[in-house]
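**Student:** Sequence:
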Amino acid sequence: MGATHFKMKTLKHVATEMALHVLAYNLKRVMAILGVPKLLGSI
1 MGATHFKMKT LKHVATEMAL HVLAYNLKRV MAILGVPKLL GSI
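To convert, note that position 21 of the sequence shown is 21 in the numbering used here; the numbers rise steadily by one, no gaps.
The set of hints was computed from the structure by calculation and includes no laboratory data.
Please note that the accuracy of each hint is not assured.
Label pairs and their in silico Cβ distance ranges [as the list claims (entries may be wrong)]:
1. L27 - F6: 30 to 36 Å
2. K9 - G41: 37 to 43 Å
3. P37 - L11: 36 to 42 Å
4. F6 - K28: 17 to 23 Å
5. K7 - M31: 30 to 36 Å
Keeping only pairs whose Cα atoms sit at most 30 Å apart, straight-line, the calculated DSSO-like set for lysine-lysine is [as the list claims (entries may be wrong)]:
6. K12 - K28
7. K38 - K28
8. K7 - K28
9. K9 - K28
These figures come from a predicted structure and were not determined experimentally.
Backbone N, C-alpha and C fix where the C-beta goes; we use that ideal spot for every residue, glycine too.
Use the sequences and the hints to build the structure in full.
**Tutor:** Structure (structure tokens):
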């Protein structure tokens with residue numbers, strides 16, 4: 001998704017940043033597979 005390095009320095013912050021990257025990736029996949037209206041309906 002265009003990210004080549006982390007913006008934060010400490011392990012705690014990098015772990016949080018990586019978790020946000022993974023969440024965004026998974027949401028993009030769900031939107032591509034199911035579509036936005038079905039995703040919002042299931043939430």
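**Student:** With reference to the structure, classify each hint as holding or not holding.
**Tutor:** Against the structure, the hints:
1. L27 - F6: 30 to 36 Å: With Cβ atoms ~20 Å apart, the hint is violated.
2. K9 - G41: 37 to 43 Å: With a Cβ separation near 40 Å, K9 and G41 satisfy 37 to 43 Å, so the hint holds.
3. P37 - L11: 36 to 42 Å: holds (39 Å)
4. F6 - K28: 17 to 23 Å: Given range 17 to 23 Å: holds, Cβ gap about 19 Å.
5. K7 - M31: 30 to 36 Å: Given about 24 Å between the Cβ atoms, the range is violated.
6. K12 - K28: Status holds; Cα separation ~25 Å.
7. K38 - K28: Answer holds: K38 to K28 is near 13 Å, not above 30 Å.
8. K7 - K28: holds (21 Å)
9. K9 - K28: holds (26 Å)
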